[in-house]
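Colleague: If you're matching them up, the sequences are chains A and B in order. If you read the first sequence in the working numbering, its first letter stands for residue 1, the second for the next number, and so on. If you read the second sequence in the working numbering, its first letter stands for residue 1001, the second for the next number, and so on.
If you're looking for bench data, these hints aren't it; they were derived computationally from the structure. C-beta: ideal position from N, C-alpha, C; glycine also. One thing to keep in mind: the hints can contain errors.
Unchecked claim - Derived Cβ-Cβ restraints for the label pairs, each shown as a range:
hint, chain 1, residue 1, chain 2, residue 2, range
1, A, 47, B, 1100, 33 to 39 Å
2, B, 1081, A, 16, 25 to 31 Å
3, A, 249, B, 1123, 29 to 35 Å
4, A, 43, B, 1004, 49 to 55 Å
5, B, 1039, A, 206, 40 to 46 Å
6, A, 118, B, 1004, 25 to 31 Å
7, A, 25, B, 1010, 36 to 42 Å
To be verified - For lysine to any residue, the following SDA-like pairs were computed, each having C-alpha atoms within a straight-line distance of at most 25 Å:
hint, chain 1, residue 1, chain 2, residue 2
8, A, 42, B, 1029
9, A, 42, B, 1130
10, A, 29, B, 1002
11, A, 29, B, 1015
Here is how the chains run, residue by residue.
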Amino acid sequence: MIPSPFDYVRVSSVDEAVAALAEHGEDAKILAGGHSLLPIMKLRLAIPSVLIDISGIADLNYVRVDGDQVAIGAGTRHHDLENSDVAKAEVPLLPHVASRVGDPQVRHRGTLGGTVAHCDPASDLPTALLALGADVVLAGPNGRRTVPITEFFLGFFETAMEEGELIVELRVPRTGDAGWAYEKFTRRENDWPIVSAAVAHLPGGGVGVALANMGGVVLKATAVEAALAEGKSIEEAAALAAEGTSPSSDMHADAEYRSHLARLLTRRALAVAAGEAEASTAESTAAA
Amino acid sequence: MQVSMTVNGQQRTDEVEPRMLLAHHLRDNLGLTATNIGCDSTSCGACTVIVDGLSVKSCTVLALQAEGSQVTTLEGLAGEDGELHPVQAAFQSEHGLQCGFCTSGMVMASVGVLAANPNPTDREVREGLEGNLCRCTGYHNIVQAVLKAAEAGPVAGQVPQSQEVSA
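Same shape as in the complex, but just chain A (with noise of 0.2 Å):
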């Protein structure tokens, strides 16, 4: 499979992806890891007429306390991310869910700018971004925004960005020592999740807690979390995991299946984080 034809221009700074956005239009995407865009490209689900290599911009790649949060650099390869020792420290949750992701072949090439612009509803870190409130740093002809991502992620492979911006950061609290889980259901070691619960404990007080694979784009579950804010317990908060949820019917699994399992992964993911449970292992896992 050969992607449609399309001009290739590589930059070396936001300054000129911005530019080159601004000059090819509509019709240019953005090129980091390409391992969510080629994909596409290859199927021709996705054809556009220039792609700007965004991969030599060296700024891009970073992961460093500032203030209060952990700011990451869009261009981050999962295999950076994980490997992070102050990722690892400040926010453990990222740096274990950069480690579910694919393979290893796929994580020395994703980014998470990537992963978080192309919006699967099925991907892992948009959903522990989602659990920890990040902040999506926007870079465009009129300078930079930041979008809580609570706000970024539209629908299906839709998000809040704007024609001629790109991502190039994002934010998260920094969570140190509270507790964190991620219990992904996945048929094989290295696929995309049936579905996923990632859960945060945050700085401020409160549980952050997202889905994956629950309809058409990764969900907050705001029926568990305010729940948990009213002092429920965690198997009564878990119970409604799947409310408000839309989950698709596929080969893998049907959408009652996948509300069964949002509630099981919650309970499970709720119970590690709070130090009550050991987290799932491959094998336990394909077990449940």
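Given the coordinates of chain A, work out where chain B should sit on it, guided by the hints.
Modeller: Just chain B, lined up with the frame of chain A:
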């Protein structure tokens, strides 16, 4: 467009279409046909090569994205005198293959596994090779081969060209 990269220690400069994938560039322009294309969709790992020290699936990388990179394919693993790389030797001695189609990708991914973890457990080898499929289901001997290769020490996670393989 013009693309330059170092492939198996040799500097190569070629004219490519922007849409040319690295796997096709290696096979069709450079004649390095050990790199197989299996699923062509980032799943099976048969096209795994090492780019700047990291294993990648070359069906999902543009040739242009390897500009200025160090690329190692299976052809670049053996020494100049033909001596097999420790991972190749172990795949031979442990019979880590059946039909052989996945083997070049398995070998390259295994070098990456041993670079990240020179002394892996059986479980860690299986997790490290999660991105490589053997449709003969010959995984047992493949895992045995990687464990055997690890006995050779750190050299099993290195490639002959002066480049580091880091994970």
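Colleague: Now tell me if each hint is right for this structure.
Modeller: Results for each hint:
no., hint, verdict
1, A/47 with B/1100: 33 to 39 Å, "holds, 36 Å"
2, B/1081 with A/16: 25 to 31 Å, "violated, 47 Å"
3, A/249 with B/1123: 29 to 35 Å, "holds, 34 Å"
4, A/43 with B/1004: 49 to 55 Å, "violated, 29 Å"
5, B/1039 with A/206: 40 to 46 Å, "holds, 43 Å"
6, A/118 with B/1004: 25 to 31 Å, "holds, 30 Å"
7, A/25 with B/1010: 36 to 42 Å, "holds, 40 Å"
8, A/42 with B/1029, "holds, 20 Å"
9, A/42 with B/1130, "holds, 23 Å"
10, A/29 with B/1002, "holds, 21 Å"
11, A/29 with B/1015, "holds, 23 Å"
When the structure is compared with the earlier hints, violations turn up for hints 2 and 4 and for no others.
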